[in-house]
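Student: Sequence order for the protein chains is A and B.
Just so we're aligned, residue 1 is where the first sequence starts under our numbering, counting upward by one.
Just so we're aligned, residue 1001 is where the second sequence starts under our numbering, counting upward by one.
There may be inaccurate statements among the hints.
To be verified - Calculated cross-link-like contacts (lysine-lysine; reagent style BS3-like; alpha-carbon spacing at most 25 Å):
1) A:Lys221 to A:Lys35
2) B:Lys1301 to A:Lys319
3) A:Lys265 to A:Lys154
4) A:Lys228 to A:Lys262
5) B:Lys1289 to B:Lys1278
6) A:Lys315 to A:Lys331
7) A:Lys315 to B:Lys1299
8) A:Lys315 to B:Lys1222
9) B:Lys1048 to B:Lys1084
10) B:Lys1055 to B:Lys1301
11) A:Lys319 to B:Lys1299
By construction, these hints were calculated from the structure, which means they are not laboratory data.
Residue strings, one per chain:
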Amino acid sequence: MALSDIADQLDKADPTLARYNRQMLWAPIGIEGQKKLKASKVLMVGCGALGTVLANLLARAGVGQMTIVDRDFIEISNLQRQVLFDHDDIDQNLPKSIAAKNKIAKINPDVSVEAVVADVNHTNIEQLAAGKDLLLDGTDNFETRFLINDVSIKHNVPWIYGACISAMGLAMNILPNETPCLRCIFETMPPPGMNPTCDTAGVLGPTVSVVSSWQALEAMKLLTGNRKDLSPYLFSFDLWDNRFQQLNVKRARELADCPCCKHKKFEFLSGAFTSSTTSLCGRNAVQISSTGGHKVDFEQIAANLRNVGKPSFNKFMLKCPIVEGTGERRKEYELTLFADGRAILKGTNDASTAKALYSKYVGA
Amino acid sequence: MSDVIYFDNAATSWPKPQVVTDRMSAFLASEAANPGRAGHRMAVGAEKMIDSIRKLLATFVGGTDHHRLIFTMNGTDALNIALKGLLRRGDHVITTALEHNSVSRPLVQMHDDGFIELTRIAFSPETGIIDPNDIKKALKPNTRLIAMTHGSNVLGTIQPITEVGKIAREAGVRFLVDAAQTLGTVPIDVNASHIDALAFPGHKSLLGPTGTGGLYVNSTLKLEDFEPFREGGTGGDSSSPTQPKLFPYFLEGGTPNTVGIAGLGAAIEFVIAHDPAKTLAQERAMVQKIIDLALSNPKFKLYGPPTAANRVGTVSFNIDGYTPQEAGSILDESFTIAVRPGLHCSPYAHRTLGTFPDGAIRISPGHFNTDEQLSTLLDALRQLTE
């Protein structure tokens, strides 16, 4: 279809779609696909690095309705990779989801955005996901991903997993009853602190863009009705070491005795595997209890935290000061981590802040 | 959970005697009708059961009229019934810096609302007790109530309530005692100690289930001295448009926790059969060993007196290099030992001790702790200081 043909048809159908003509020129999308995008509703869980790139791309692509949920506020160190934010947002001390909504309104006013400032957890995720066509992973922790996975399988809504660190990335489509789910691939949460995080090992902006661009394109395939073209692989790469892999995970669904998609046990959604937080009596501190029953490796975590502060540990606990922000926004915390993965975060009374710090600096 | 070594009995005792579980289970399974609400045999049976436990408890605190034993949800509930029922605008109240928030918060709120005047008496950090003379000195013409704890939930120190009771009686001031930490091990006689109202939970040293407690209103107080705190159904006298003007119903609206009370009855029988004095001696011996360890190692900072002699089974301290929360987490995580770090809901006591806002590590042995468990605890504490 030529541009002039598209223009003719749009006049008859929906003139607001004209802004997408370069996208509609791509035959598998076309006007029909574009209309489907406009009618789509997606949930963006997390609006940090992956989330801003995803939201940016999908808003420009014309996804009709987005609910963006994030518990964090914007910090200067986010701007290196979180493409929807700028200095004005920091000056206004905006929550990420609100700043994203404001920015998208300028990019594409036809997209309707609902901004939710909240910690996504087992008590609210089903409500957030209700009525959505697709759930998108912009999170930084396994617990929330498993939660998304539970909702996806329980309510038969596809989701797209994405994760990155330094120059490495991972992404996969999860279509309930068709593909393996996340728990077919990773049955349990990794022990706390086993893997480095973006806040301990760093992350490069382009890595984020590759993962979330992949997620965004898969989202477009799915939402425009091109399911047959969706990637069946676990996409994995290291841009620094120049390695790309497409892991064939098809058989994982049959091989895994998956508690979630095979046995329909939604352990994260039930709250059984949820880490619990307790604000400590009289202290500006929150205790996070880990649920995995794993032993953590203090040496490994201390190595991970070398770039963060000066970690110290004995056989019982590891301590590390954490500083976030600069100038007036400087905040000081102290992480105390115990051998079973539980932690005390000093410097906050807020459970979501403590959980965010745990995800960022310990991980899982 | 059974492998947990539990040293947090000042919060709630655990485990409970097997007879408590059995009694509750049996009562719930076959007898749990609503007492006094009907004439059928089960309702009458439930009423009889509750009545017999009222008698048991009233006698246990030296009371002479079991109708004056009000069943409550817990100690806090009993204290609220007493404080909010007895105080009037413009009253002056004397309390102490050792109080738990269950005494302190209602009083501070009434003070902040301009309803009462409040004087808080300091205690000696060395002895952990208040000086009755300080209370005497604080008396004013409008002093209506002295409200204080019998045993500090931070230090375990037993307060001279009989002396204070005498001062109160002589001054014509009412005396409310919070026996949360003492009833079940330390003998209490409401008449000998001149106590007008005694509030207590059922789930601590009485070894009963949570959700139980009581307020004994001595004969020195009249029904008219109280505003009813919770009005509602009482079973008998349904035709009365307001709360029936008789104890216990005047202060006991609503269906009681019959299952819990059945368990509490079994618990008190157990406590009496095992001799509270013996239990107290056993708990003190354990506390003394913890004190001895703390005094032998400069890395410990012990709070309160260097002896268990005037304590219930409770001791608090800190260890160099660890916040109380860290030490508590390590004891739980690495040794499966449950203790209570923090402020213990008693911020004024910790301010006096200089331990605010971190608090301290509190260890409170109970009836069921063994010498072997104590050895494990002492060994864990030693390891923390290595």
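Student: Could you run down the list of hints and mark each one as holding or not?
Tutor: Against the structure, the hints:
Proximity of lysine 221 of chain A to lysine 35 of chain A is assessed by CA-CA distance (about 13 Å); at most 25 Å being required, the pair is judged to hold. With a C-alpha separation of about 22 Å, the suggested pair lysine 1301 of chain B and lysine 319 of chain A falls inside the 25 Å cut-off, and the hint holds. Simply put, lysine 265 of chain A and lysine 154 of chain A have alpha-carbon atoms about 9 Å apart, close enough for the 25 Å limit, and the pair holds. This hinted pair checks out: lysine 228 of chain A and lysine 262 of chain A have alpha carbons roughly 23 Å apart, not beyond 25 Å.
Taking the CA atoms of lysine 1289 of chain B and lysine 1278 of chain B, the gap is about 17 Å. The hint holds against a cut of 25 Å. Taking the CA atoms of lysine 315 of chain A and lysine 331 of chain A, the gap is near 28 Å; set against the 25 Å cutoff, the hint is violated. Restraint check: the Cα-Cα separation between lysine 315 of chain A and lysine 1299 of chain B comes to about 18 Å, which is no more than 25 Å; the hinted pair holds. Under the criterion of a C-alpha separation no larger than 25 Å, the hint pairing lysine 315 of chain A with lysine 1222 of chain B is inconsistent with the structure, at around 61 Å.
Pair hint lysine 1048 of chain B plus lysine 1084 of chain B does not hold up; C-alpha atoms about 30 Å apart against a cutoff of 25 Å. A hinted pair counts as satisfied when its Cα atoms are at most 25 Å apart, and lysine 1055 of chain B with lysine 1301 of chain B does not qualify at roughly 44 Å. Note on lysine 319 of chain A and lysine 1299 of chain B: the hinted pairing holds, with a Cα-Cα distance of about 19 Å set against a maximum of 25 Å.
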